[in-house]
Amino acid sequence: MADQPTHHEAPRRVRRLRLVWSLRPGATKSRSHVSKALWVALFAGVLGVSLWQGAQRPVPSTPTARMEQVASQLRCPVCIDESAAQANTAAARAIRADIATRLRSGQSERQIIDYMVSRYGRWILLSPPSSGLGLTVWLAPIAVTLGALAVVAVAWARAVQRFRAADPGPTDTQVELNGERDLSLADRTQRVEEERAST
Amino acid sequence: MSTAAAPTIARRRLRHPVRRLTIVLGLVVAGGLAVMLPRLGQNPSTQVAADSPLLGKPAPPFSLREANGGATVSSATLRGHYSVLYFFATWCPVCVAEVPNLVSFYWHWHTRGVELVGIGYEDPGAAEAQFARQDGINWPLLVDPDEQVALRYGIFGIPETFVIGPSGTVLAKLVGAVGTGQLGAVVERVMQGGTNVSVRGGAVVPESPGQRTGGG
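Chains A and B, in that order, are what the protein sequence lines are.
Okay, so the first sequence: first residue is 1 according to the working numbering, each after it adds one.
Okay, so the second sequence: first residue is 1001 according to the working numbering, each after it adds one.
Worth flagging that the hints you see were computed from the coordinates, not collected in a lab.
As the structure is a prediction and not an experimental result, all values here were calculated from the model.
Cβ coordinates follow ideal geometry from the N, Cα and C atoms, glycine included.
Do not take every clue at face value.
Which residues of chain B face chain A? A partial, calculated answer using Cβ under 7 Å [said to hold, decoys possible]:
1. Glu-1147
2. Leu-1151
3. Phe-1156
4. Glu-1188
5. Gln-1192
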């Protein structure tokens, strides 16, 4: 039992390791870089997972669901901004019936959509194609989002710069000691003395 | 003093990279909205309908029965002639008003070997048969059950008209009313070698009155 660490010992050991790590030369600057890298990695991870999930489409299990999935990618030719899957018009019904027949005959989703484009033109596609001029429609929101993030990042960096110029703030050691409230008085005094001796 | 300094401060603020980037982004977004917003909620323009991808391609095949219970007319029987496929409906006011124009077109061009065929859109055969009894309608009016032939021809509304060459190639498409002489002018043009002719005659009627109220 004596060898087992108590609940008090483990956190204290972790705090001491953190303190040692933070006291190395150039600690504050380096930690700030690590923090930035972590945020960027987190953002990139969330963005990547979101894009991947957005690209995934559930595989429909029934023929009707398959037909509806294809029809949902096409416009109803005689409607205002309605898909061929939703609309209850003769034209939409004709498209749905044709899709069902083509699926039964073994045609793929791509072949059916290409067929519809060959009859109505690219207008029939509810989503713009991800090539040619249609690609700009997909890339524009990403570009605007990245631009907006750049604006926020630059503004933030400048605000931090201005704040630091106005108030240099406490020394690195003081910052660390403020964060280590459970250190003994002797430890704190020793650390301050070490700092004074080095300066 | 303050009046002299004001423009300088404003100019300095504009030179700030963050503000510049914000202004550029704002202009890009505003430009995109200005282009996209007027298009929202619009029907397909007649230009989209007129620029059919079928122009210059083989005409989709069909085989349909006449509304009055007569013979079957197919794309194969029209081979060797210039033929005009007129997609119409008996409930379409534009189509009804155009009957005199079509009668005069038929009498003028049928003697020169041009075939005219009417294909009903979302129309019961009985209504078409009654429509066919009008004086002067001597061309076949065909019933398109389930609008499958209309789908093959990529119909956005009615009336829409296709001119097919003797070899079975789609040479021209007219969207909307054919008018008094427009269809004849188009046929003359394709007979002189014109291809990929697309004409916007006017607005098309998208659906029957029943569908327009009950659609969606």
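Now the hints, each set against the structure:
Checking Glu-1147(B) against chain A: minimum C-beta separation of about 4 Å stays under 7 Å; hint holds. With a least beta-carbon distance of about 5 Å to chain A, the hint placing Leu-1151(B) at the interface is held under the 7 Å criterion. The beta carbon of Phe-1156(B) is positioned within 7 Å of a beta carbon in chain A (closest approach about 5 Å), and the interface hint is therefore held. Using the Cβ-Cβ criterion of 7 Å, the hint placing Glu-1188(B) at the interface with chain A is not satisfied: the shortest such distance is roughly 27 Å.
At its closest, the beta carbon of Gln-1192(B) sits 27 Å from a beta carbon of chain A; the interface hint therefore is violated under the 7 Å criterion.
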